[in-house]
Amino acid sequence: MPDRQTPSEPLRVSILSQGSYLIASIHTALDDSQLLRFQRDLIERIGAKRARGVVIDVAALDVLDSFGSRTLRDIARMSRLRGAETVIVGIAPELAVSMVRLGLHLDLPTALDLEEGLGYLESLTGARAQR
Amino acid sequence: MTSTTSDNRTGDEATADDDLLLPELVAHLRENRTQLRREWANRITGAHLLTAMTPQEVFSEATSVYDNYVGVLETGSVEALQDYARDLSERIIPRGVETHEVVGIVLLLRDVLARSLFEKYHHDFGLLNRVLDAYEPAANRIANTVAVSFVQERERIIRQQQDAIRELSTPVLQVRERLLILPIIGVLDDQRAHQLTEQLLGGIRRHRAKVVVIDITGVPELDADVANHLVQTVDASRLMGAGVIITGLSPEIAQTLVTIGVDLTKMNTVGDLQGGIEEAERQLGFKVSRANGDDA
Numbered sequence: 001m002p003d004r005q006t007p008s009e010p011l012r013v014s015i016l017s018q019g020s021y022l023i024a025s026i027h028t029a030l031d032d033s034q035l036l037r038f039q040r041d042l043i044e045r046i047g048a049k050r051a052r053g054v055v056i057d058v059a060a061l062d063v064l065d066s067f068g069s070r071t072l073r074d075i076a077r078m079s080r081l082r083g084a085e086t087v088i089v090g091i092a093p094e095l096a097v098s099m100v101r102l103g104l105h106l107d108l109p110t111a112l113d114l115e116e117g118l119g120y121l122e123s124l125t126g127a128r129a130q131r
Numbered sequence: 132m133t134s135t136t137s138d139n140r141t142g143d144e145a146t147a148d149d150d151l152l153l154p155e156l157v158a159h160l161r162e163n164r165t166q167l168r169r170e171w172a173n174r175i176t177g178a179h180l181l182t183a184m185t186p187q188e189v190f191s192e193a194t195s196v197y198d199n200y201v202g203v204l205e206t207g208s209v210e211a212l213q214d215y216a217r218d219l220s221e222r223i224i225p226r227g228v229e230t231h232e233v234v235g236i237v238l239l240l241r242d243v244l245a246r247s248l249f250e251k252y253h254h255d256f257g258l259l260n261r262v263l264d265a266y267e268p269a270a271n272r273i274a275n276t277v278a279v280s281f282v283q284e285r286e287r288i289i290r291q292q293q294d295a296i297r298e299l300s301t302p303v304l305q306v307r308e309r310l311l312i313l314p315i316i317g318v319l320d321d322q323r324a325h326q327l328t329e330q331l332l333g334g335i336r337r338h339r340a341k342v343v344v345i346d347i348t349g350v351p352e353l354d355a356d357v358a359n360h361l362v363q364t365v366d367a368s369r370l371m372g373a374g375v376i377i378t379g380l381s382p383e384i385a386q387t388l389v390t391i392g393v394d395l396t397k398m399n400t401v402g403d404l405q406g407g408i409e410e411a412e413r414q415l416g417f418k419v420s421r422a423n424g425d426d427a
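Going down the list, the protein sequences come from chains X and W.
One point on numbering: in our numbering, the residue at position 6 of the first sequence is 6, and numbering is uninterrupted.
Numbers given in our numbering equal positions in the second sequence, counted from 1, plus 131.
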């Protein structure tokens, strides 16, 4: 993992832990290597926090290319292997339309916003965000 | 159309006379107004034009059209001509008169008047030629302008109606918490489909909707483009976390969609709006029961 050693740029993704869930917010558009780093960090954190679910908030994004949507799908699959379900939240109307136009099929659970996403995970895992 | 003879005016020596020809011609047409008008009205009925109107109506319309026609011949004013044509179109379009009928009656009038000119001047061929040189361009211009303005008037009405339909548009209504319905009435064209997507996605966000019922009972037909657009709209809604139920697909639309091969397998469809709302309530966990307890 070569670019592990270059954490120089400002934070573009925040990963917060909330009870047994992780909340990852993407703040600006990510390039491919940043996406991969995000993927690595998140998968690692799932184990460290013993997370049961992951919410990825993309509300700040106005575009998502095919690599981006594939990475999100990969993250969801990897997370499941590590024992956590993933839900994508906050897709804006314009982003939704452009993704559909580009034929990008997310094939992932989606929800309107963070609150909805957490509600979805709760219904899925039966766990409580706070105990 | 026939824009003839206007440029092959030859002899310069006749120009002074020519200036007098048109007034003379107009005077002739005024003199024989009653007879020519009746003949024209008979020709209209004989040609089975203006069948949407009664003979009396045809006759009275013919009278005013005739007077206007001669007036325009006399003044040659383009504005008067346009006013006249617009007025004519406005009057007769609402009565269901078709384009070919309007062009037809104007050409008939042109013909009737030309014949009367033949009759009057047939003894002097040179004069007849000059009379026709004066008459034909003016008559052609009238026919042309009437046809153009009739079509323009029709297009204006169509545009007006399109605007009206667009304003009626597609309401997004909340019927229960997190449940929206979109009743679509009328033909769904490309532009309206885009507007629908925009309003639906905005509505999902505004009302925090989880389920949307799109009812297309009132949509008479659906082409492949619009159907695919609908599929995309459903996908986009899902990306925003809302499921879509489509209701009220008519037998015709169902057959078209399957025949043209639009993939609707991912779409959740229910027969009618009631069924759609019941399904949506089930998904949202609502239970509806009668207040007096006698459960259906």
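Certain hints may be false.
[Unchecked claim] No farther apart than 25 Å at their CA atoms in a straight line, the calculated lysine to aspartate or glutamate pairs in the DMTMM-like style are these:
id: 1; chain 1: W; residue 1: K418; chain 2: X; residue 2: D65
id: 2; chain 1: W; residue 1: K341; chain 2: X; residue 2: D32
id: 3; chain 1: W; residue 1: K341; chain 2: X; residue 2: D41
id: 4; chain 1: W; residue 1: K251; chain 2: W; residue 2: E170
id: 5; chain 1: W; residue 1: K251; chain 2: W; residue 2: E308
id: 6; chain 1: W; residue 1: K397; chain 2: W; residue 2: D321
id: 7; chain 1: W; residue 1: K397; chain 2: W; residue 2: E352
id: 8; chain 1: W; residue 1: K397; chain 2: W; residue 2: E329
id: 9; chain 1: W; residue 1: K397; chain 2: X; residue 2: D31
id: 10; chain 1: W; residue 1: K397; chain 2: X; residue 2: D32
id: 11; chain 1: W; residue 1: K341; chain 2: X; residue 2: E94
id: 12; chain 1: W; residue 1: K251; chain 2: W; residue 2: E232
id: 13; chain 1: W; residue 1: K418; chain 2: W; residue 2: D321
id: 14; chain 1: W; residue 1: K341; chain 2: X; residue 2: D31
id: 15; chain 1: W; residue 1: K397; chain 2: X; residue 2: D65
id: 16; chain 1: W; residue 1: K341; chain 2: W; residue 2: E229
[What the hints assert, rightly or not] In silico contact screen, one side only, chain W against chain X (beta carbon under 7 Å); selected entries:
id: 17; residue: R339
id: 18; residue: Q363
id: 19; residue: D366
id: 20; residue: A367
id: 21; residue: L370
id: 22; residue: V419
[As the list claims (entries may be wrong)] Beyond 12 Å from chain X on every Cβ pair, some chain W residues (computed):
id: 23; residue: A183
id: 24; residue: D198
id: 25; residue: G202
id: 26; residue: G207
id: 27; residue: Q213
id: 28; residue: N271
id: 29; residue: V282
id: 30; residue: D294
id: 31; residue: L299
id: 32; residue: S300
id: 33; residue: V318
id: 34; residue: D320
id: 35; residue: E329
id: 36; residue: L332
id: 37; residue: E383
id: 38; residue: L395
In short, the hints are calculated from the structure, not lab data.
Predicted model, so just to flag it, every value in this text is computed and none were measured.
Heads up, the beta-carbon is just placed ideally off N, CA and C, and yes, glycines get one too.
Comparing the hints with the structure gives:
As the CA atoms of W:K418 and X:D65 are separated by approximately 41 Å, the hinted pair breaks the 25 Å bound. Proposed proximity of W:K341 and X:D32 is contradicted: the alpha carbons are some 32 Å apart, above 25 Å. For the hint pairing W:K341 with X:D41, the CA-to-CA distance comes to about 31 Å; that exceeds 25 Å, so the pair is violated. Restraint check: the Cα-Cα separation between W:K251 and W:E170 comes to about 16 Å, which is no more than 25 Å; the hinted pair holds.
This hinted pair does not check out: W:K251 and W:E308 have alpha carbons roughly 83 Å apart, beyond 25 Å. With a C-alpha separation of about 22 Å, the suggested pair W:K397 and W:D321 falls inside the 25 Å cut-off, and the hint holds. Our distance criterion of 25 Å between C-alpha atoms is met by W:K397 and W:E352, whose separation comes to about 21 Å. At most 25 Å may separate the alpha-carbon atoms for a hinted pair to count; W:K397 and W:E329 meet this at roughly 21 Å.
For the hint linking W:K397 to X:D31, the alpha-carbon distance of about 32 Å lies beyond 25 Å, and the restraint is violated. Among the hinted pairs, W:K397 with X:D32 is inconsistent with the structure: their alpha-carbon atoms are about 31 Å apart, more than 25 Å. Simply put, W:K341 and X:E94 have alpha-carbon atoms about 18 Å apart, close enough for the 25 Å limit, and the pair holds. For the proposed pair W:K251 and W:E232, the alpha carbon gap of about 29 Å is over 25 Å, so the pair is violated.
The suggested pairing of W:K418 with W:D321 is violated, with an alpha-carbon distance near 38 Å, which exceeds 25 Å. Among the hinted pairs, W:K341 with X:D31 is inconsistent with the structure: their alpha-carbon atoms are about 32 Å apart, more than 25 Å. At roughly 23 Å between alpha-carbon atoms, W:K397 and X:D65 fall within 25 Å of each other, so this suggested pair holds. Distance check on the hinted pair: W:K341 and W:E229 sit about 50 Å apart at the alpha-carbon level, beyond 25 Å; violated.
Restraint check, W:R339 versus chain X: the minimum CB separation of about 6 Å is within 7 Å; hint holds. The restraint placing W:Q363 at the interface with chain X holds, with a minimum CB-CB distance near 4 Å, inside the 7 Å limit. Interface hint status for W:D366: upheld, as the beta-carbon distance to the closest one in chain X is roughly 5 Å, under 7 Å. The closest approach between the C-beta of W:A367 and any C-beta of chain X is roughly 4 Å, which is under the 7 Å cut-off, so the hint is satisfied.
Annotation: interface hint on W:L370 holds; nearest CB of chain X at approximately 4 Å, less than 7 Å. Given hint, W:V419 at the interface with chain X, is violated; its Cβ is 22 Å from that chain's nearest Cβ, farther than 7 Å. No beta-carbon of chain X comes within 12 Å of the beta-carbon of W:A183; the shortest separation is about 46 Å. With a least CB separation of 58 Å from chain X, W:D198 remains clear of the 12 Å interface cut-off, as annotated.
The Cβ of W:G202 lies farther than 12 Å from every Cβ of chain X, with a closest approach of about 57 Å, so its non-interface assignment holds. Taking the minimum C-beta to C-beta distance to chain X, about 56 Å, the non-interface status of W:G207 holds against the 12 Å cut. Interface exclusion of W:Q213 from chain X stands, the closest Cβ pair being 45 Å apart, more than 12 Å. Every beta carbon of chain X lies more than 12 Å from that of W:N271, the smallest distance being close to 51 Å; the non-interface claim holds.
Residue-level check passed: W:V282 sits 37 Å from the nearest beta carbon of chain X, beyond 12 Å. Separation of W:D294 from chain X is adequate, the least Cβ-Cβ distance of about 25 Å exceeding the 12 Å criterion. No Cβ of chain X approaches the Cβ of W:L299 within 12 Å, the least distance being about 22 Å, so the stated non-interface status holds. With a closest Cβ-Cβ approach of about 17 Å to chain X, W:S300 is found to remain outside the 12 Å limit, as its non-interface label requires.
The beta carbon of W:V318 is kept farther than 12 Å from every beta carbon of chain X, the shortest such distance being approximately 22 Å. Annotated as non-interface, W:D320 keeps its C-beta farther than 12 Å from every C-beta of chain X; the closest such distance is 18 Å. A beta-carbon of chain X comes within 12 Å of the beta-carbon of W:E329; the shortest separation is about 7 Å. Not every C-beta of chain X lies more than 12 Å from that of W:L332, the closest at about 3 Å, which undercuts listing it as non-interface.
The beta carbon of W:E383 sits about 26 Å from the closest Cβ of chain X, which is more than 12 Å, so the claim that it is off the interface holds. The claim that W:L395 lies off the interface holds: its Cβ sits roughly 15 Å from the closest Cβ of chain X, which is beyond the 12 Å cut-off.
Consistency with the previously given hints fails for numbers 1, 2, 3, 5, 9, 10, 12, 13, 14, 16, 22, 35 and 36, ordered from lowest to highest.
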